[in-house]
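**Student:** Chains A, B and C are the protein sequences, given in the same order.
Residues 12 to 203 (our numbering) are what the first sequence spells out, left to right.
Residues -19 to 84 (our numbering) are what the second sequence spells out, left to right.
Residues 31 to 424 (our numbering) are what the third sequence spells out, left to right.
Each hint should be verified, as a subset may be incorrect.
To be verified - Covered by chain C, per the in silico footprint, the following chain A stretches (three or more residues, Cβ under 8 Å): (1) 69 to 77; (2) 127 to 139.
Stated by the list, open to error - Derived pair list, reagent style EDC-like, types lysine to aspartate or glutamate, alpha-carbon separation capped at 20 Å: (3) Lys181/A <-> Glu164/A; (4) Lys218/C <-> Asp53/C; (5) Lys263/C <-> Glu1/B; (6) Lys288/C <-> Glu70/A; (7) Lys(-3)/B <-> Glu250/C; (8) Lys379/C <-> Glu290/C; (9) Lys178/A <-> Glu250/C; (10) Lys252/C <-> Glu1/B; (11) Lys44/A <-> Glu210/C.
Stated by the list, open to error - The calculated label-pair distances, taken between Cβ atoms and stated as ranges, are: (12) Gly77/C <-> Gly143/A: 34 to 44 Å; (13) Asp96/A <-> Ser142/C: 27 to 37 Å; (14) Gly100/A <-> Ala219/C: 41 to 51 Å; (15) Gly374/C <-> Lys15/B: 51 to 61 Å; (16) Gly100/A <-> Ser142/C: 28 to 38 Å.
Bear in mind the hints are in silico, worked out from the structure with no lab data behind them.
Think of the CB as a built atom: it goes at the ideal place given N, C-alpha and C, for glycine as much as any other residue.
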Amino acid sequence: MGKVVEIRWHGRGGQGAKTASLLLADAAFNTGKYIQGFPEYGPERMGAPITAYNRISDERLTIHSNIYEPDYVVVVDDTLIATVDVTAGLKEDGAIIVNTTKTPDEVKPFLKGYKGKVCTIDARTISVDTLGKYFPNTPMLGAVVKVSGVMDEKTFLNDMVESFKHKFAKKPEVVEGNIKALERSMQEVKGI
Amino acid sequence: MSCKKELKTVTPDVKWKDITEGGVIPYAGNAELFKTGDWRSMKPIWLQEKCKQCLLCYPVCPDTSILINEEGKRIDFDFDHCKGCGVCVKVCPFKAIDFVEESK
Amino acid sequence: MAIRERMSGNEAMAVAMKQINPDVVAAFPITPSTEVPQYFSNFVADGVVDTEFVAVESEHSAMSACVGAQAAGGRAMTATSANGLALMWEILYIAACSRLPIVMACVNRTLSGPLNIHNDHSDSMGARDSGWVQLYSENNQEAYDNMLMANRIGEHPDVMLPVMVCQDGFITSHAIENIELVEDDKVKAFVGEYNPKDYLLNKANPISVGPLDLQAHCFEHKRQQAEAMKNAKKVILEVSEEFAKMTGRKYGLFEEYKTEDAEVAVVILNSTAGTAKYVIDQYRAEGKKIGLIKPRVFRPFPVDELTAALSKFKAVAVMDKADSFNDAGGPLFTEVTSAMFAKGVFGPKVINYIYGLGGRDVRSTDIEVVFNELLKIAETGTVESVYNYLGVRE
Chain A
12 MGKVVEIRWH GRGGQGAKTA SLLLADAAFN TGKYIQGFPE YGPERMGAPI TAYNRISDER
72 LTIHSNIYEP DYVVVVDDTL IATVDVTAGL KEDGAIIVNT TKTPDEVKPF LKGYKGKVCT
132 IDARTISVDT LGKYFPNTPM LGAVVKVSGV MDEKTFLNDM VESFKHKFAK KPEVVEGNIK
192 ALERSMQEVK GI
Chain B
-19 MSCKKELKTV TPDVKWKDIT EGGVIPYAGN AELFKTGDWR SMKPIWLQEK CKQCLLCYPV
41 CPDTSILINE EGKRIDFDFD HCKGCGVCVK VCPFKAIDFV EESK
Chain C
31 MAIRERMSGN EAMAVAMKQI NPDVVAAFPI TPSTEVPQYF SNFVADGVVD TEFVAVESEH
91 SAMSACVGAQ AAGGRAMTAT SANGLALMWE ILYIAACSRL PIVMACVNRT LSGPLNIHND
151 HSDSMGARDS GWVQLYSENN QEAYDNMLMA NRIGEHPDVM LPVMVCQDGF ITSHAIENIE
211 LVEDDKVKAF VGEYNPKDYL LNKANPISVG PLDLQAHCFE HKRQQAEAMK NAKKVILEVS
271 EEFAKMTGRK YGLFEEYKTE DAEVAVVILN STAGTAKYVI DQYRAEGKKI GLIKPRVFRP
331 FPVDELTAAL SKFKAVAVMD KADSFNDAGG PLFTEVTSAM FAKGVFGPKV INYIYGLGGR
391 DVRSTDIEVV FNELLKIAET GTVESVYNYL GVRE
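The following block holds chain A by itself, in its conformation from the complex:
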């Protein structure tokens, strides 16, 4: 059985963690992988903590359960660290990626003794610089691709250009900003 990469996303309703997990599934699909992208539905309220999942594999996936021992955890909103056990089951040879202005060393003390890799990314600054508004999805996607190495970076970037061109066919001016956001987040993610 080939290696399956399992990723868990933590976010708040309305922030787009679900969309980010679907974007990642899309990107991995475009590079020829077998993918799963699914949210865990709860009260579905704006601001309520939500969880979403990805499995990415070279072979067909049959398992249909939530992910309890993820390889990677992505935290879209660093205020969740105080209330949600974001590192639960996270593999020590994996990594957690947090959207924050803090450094990995500053975040580490709040992660209940997690011994694996801690990465941080300032998705807000990157998003505002490149897109003019706060859309954390695109920078988080770039960071998770960089940290997990789940797909070839160049192939990923080329695919995303096409994907954004298709997605934003009516707003071509935002394609460049999104690609810049991906590139910058891949360069700026800390703690690798």
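Please arrange chains B and C on chain A, whose structure you already have, making use of the hints.
**Tutor:** Leaving out everything else, chains B and C in the frame of chain A:
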């Protein structure tokens, strides 16, 4: 006439393999074959000499038992189907329909 | 060439409906099936289908509109879940007895209460005796494929019954996964035109549908309906074979996964069968001889084939994602065991697990518990408990 075929398909002893699917009644106009005249306890009597052919009786009959000829005039009742409800008796402005007990 | 895509189970069902291009879709939104008519109404708005979309005020009306449309001579489809299916209840029976091959996307959700939007099979299992053909689907691919085959099965002159295609709410309905789609023109040719023998809008031969049917003939009509369900088995296999020729994807009455030399097996419907496959692969690597039987067709119930397949095992666990509250076992278990008794298959020890109610996540470790118990029973020949619960806090 298609009604004859219907009688053949849905008989009291038809077997399940021969009955129409889902109880569909596939031939129109077969209600005529179901004689309801023997349900009658009261009987309307058409008094031709009093009838002005206003035809107010015709649309109120629940059973199309008031027969109309080719000239568009009403003729006598269809007693194979008239159940003797008496609505036509009530509606007639000229008292041209009597209502009597069936036994008489 | 098949079209390599990725989409959720709901979108897959809606795309199948788009390709089928039915005359009428009447639906009322209910989680988790809402996306099916939602996607479909977009197709209507975009003009890519010719369908009349009827936005009704309840599921009772949705099914009633489908009955009317199908009786009129059209192809009618709908989608629903849980309490929506419950509200359709009386019309489900009328659709089936009137022999109207309506197709429904049933996105399985627990029937309240307690109030819950998540997956189990209490909705479709409750409707198991309504006279609908029931097909179950492990993932988005199977949900799509079953939808493409449903019209052909239901509309066959020897069947003429409505068909319910089930998949697990949220677990597969809202999960994006890889899928292979069939080209539009191929689907069109495969599904073909619906040409009913009798229909309401046929002015050359007017008919009445749904008349009063009392002691004299009602029983004959029920007997005829039972025969149609019996015929459905053969038709399902024929249609599936033709589908395999077109797509390479083979479907039978049930799927057997690594059962050839298996000593024990589980019987599971829908998405959890996939999780069982994952566990089987891992246990097989350790040399444990275990397998899976995944029923695809629950109505008609494949008595002969299923009992023959089960007869070779030492121990079997039948898994129910719905409880019958009868102190005897879930619906799948009672049907499997009564079929085995009737066919004289007394070899395997058979136990039942009620699992995953109200969307309780079914982990691979849960399935391991079941296989461990089965392997113990196979070794000792002793069953400690027949009717069990899996994954509930004791």
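**Student:** Each of the hints needs a verdict: does it hold here or not?
**Tutor:** Here is what the structure says about each hint:
Here's how the region 69 to 77 of chain A fares: 7 of its residues keep a CB closer than 8 Å to some CB of chain C, so the rule of at least three is met and the hint holds. Here the region 127 to 139 of chain A counts 0 residues with a CB under 8 Å from a CB of chain C, which misses the bar of 3, and the coverage is violated. Restraint check for Lys181/A and Glu164/A: not satisfied, since their Cα atoms lie roughly 27 Å apart, outside the 20 Å limit. Of the pairs offered as hints, the one joining Lys218/C and Asp53/C holds, with about 14 Å between alpha carbons and a cut-off of 20 Å not exceeded.
About 19 Å separates the Cα atoms of Lys263/C and Glu1/B, which keeps this hinted pair within 20 Å; it holds. Among the hinted pairs, Lys288/C with Glu70/A is consistent with the structure: their alpha-carbon atoms are about 18 Å apart, no more than 20 Å. Of the pairs offered as hints, the one joining Lys(-3)/B and Glu250/C holds, with about 8 Å between alpha carbons and a cut-off of 20 Å not exceeded. A hinted pair counts as satisfied when its Cα atoms are at most 20 Å apart, and Lys379/C with Glu290/C qualifies at roughly 18 Å.
Pair hint Lys178/A plus Glu250/C does not hold up; C-alpha atoms about 58 Å apart against a cutoff of 20 Å. Among the hinted pairs, Lys252/C with Glu1/B is consistent with the structure: their alpha-carbon atoms are about 10 Å apart, no more than 20 Å. Only pairs whose Cα atoms come within 20 Å are accepted, and Lys44/A paired with Glu210/C is accepted, the gap being roughly 14 Å. At roughly 35 Å, the beta-carbon separation of Gly77/C and Gly143/A lies within the given 34 to 44 Å, and the hint holds.
About 30 Å separates the C-beta atoms of Asp96/A and Ser142/C, a value consistent with the hinted range of 27 to 37 Å. About 49 Å separates the C-beta atoms of Gly100/A and Ala219/C, a value consistent with the hinted range of 41 to 51 Å. Separation of Gly374/C from Lys15/B is about 54 Å and conforms to the stated range, judged on CB atoms against 51 to 61 Å. Hint check: Gly100/A to Ser142/C, Cβ distance near 31 Å, so the stated range 28 to 38 Å holds.
Comparing the model with each earlier hint shows violations of hints 2, 3, 9; every other hint is respected.
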